[in-house]
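Colleague: Read off the chains here:
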Amino acid sequence: QKEVEQNSGPLSVPEGAIASLNCTYSDRGSQSFFWYRQYSGKSPELIMFIYSNGDKEDGRFTAQLNKASQYVSLLIRDSQPSDSATYLCAVNRGTNFGNEKLTFGTGTRLTIIP
Amino acid sequence: GAGVSQTPSNKVTEKGKYVELRCDPISGHTALYWYRQSLGQGPEFLIYFQGTGAADDSGLPNDRFFAVRPEGSVSTLKIQRTERGDSAVYLCTPRYSSGTEQFFGPGTRLTVL
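Protein chains in written order, with this note's numbering: chain A, 1 to 114; chain B, 115 to 227.
The reader is advised that the hints may include incorrect statements.
In silico BS3-like links for lysine-lysine, alpha-carbon gap of 25 Å or less [unchecked claim]: (1) B/Lys-125 to A/Lys-42; (2) A/Lys-2 to A/Lys-67; (3) A/Lys-56 to B/Lys-192; (4) A/Lys-56 to A/Lys-67; (5) B/Lys-129 to B/Lys-192; (6) B/Lys-192 to B/Lys-125.
Treat the hints as calculated values from the structure; they're not laboratory data.
Chain A on its own, in the form it takes in the complex (with noise of 0.2 Å):
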């Protein structure tokens, strides 16, 4: 089992749609849970980090945190093209003051078609 885990993809939405990207993670350890959007060619850019359970809304962006079941979603309203990219989920098992190394799932590739 992988430690983190994203379906791959690719992911079409129609633009204005919502976007629902969802991520699981094995280590009941894990206290801190980020998503980066990559565009291609670029590197990864942090668009959203949640550390408690609930919702953490942020513009279009809503994260979704349910520790009990060990998953994270991204959720992305008002769907454009520009959010066409690969989005990638990474957990932390450190505090804020630790070794704060992430761990990487292989991100799902989204696309909103016009």
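Once you have looked at the hints, place chain B on chain A.
Modeller: Same frame as chain A, but now just chain B:
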């Protein structure tokens, strides 16, 4: 990205050669991480520096890989006797004292022929 430069941006080398990849963050950071990203994969942790010392080098694949950060700022990742499987994008990530989130530099794309 995020106040860090990486040089070179692209490096093509032949199998068996030695390469050095440099990460130059702006001041104000407390720690520095190296990751590598192979094609179709997520970034993979290599090594983490706190100050001048390597706090965790558990991700280095083997003893051909070595990294230094002699003055607590610029870091160099060194790869000896390169192999084709070393081909990847090598990403440097500083951590700033004002935050806990990691932002990646632009990366060095290494191609071993």
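Colleague: Starting from the hint list further up, note which numbers the structure goes against and sort them upward.
Modeller: 3
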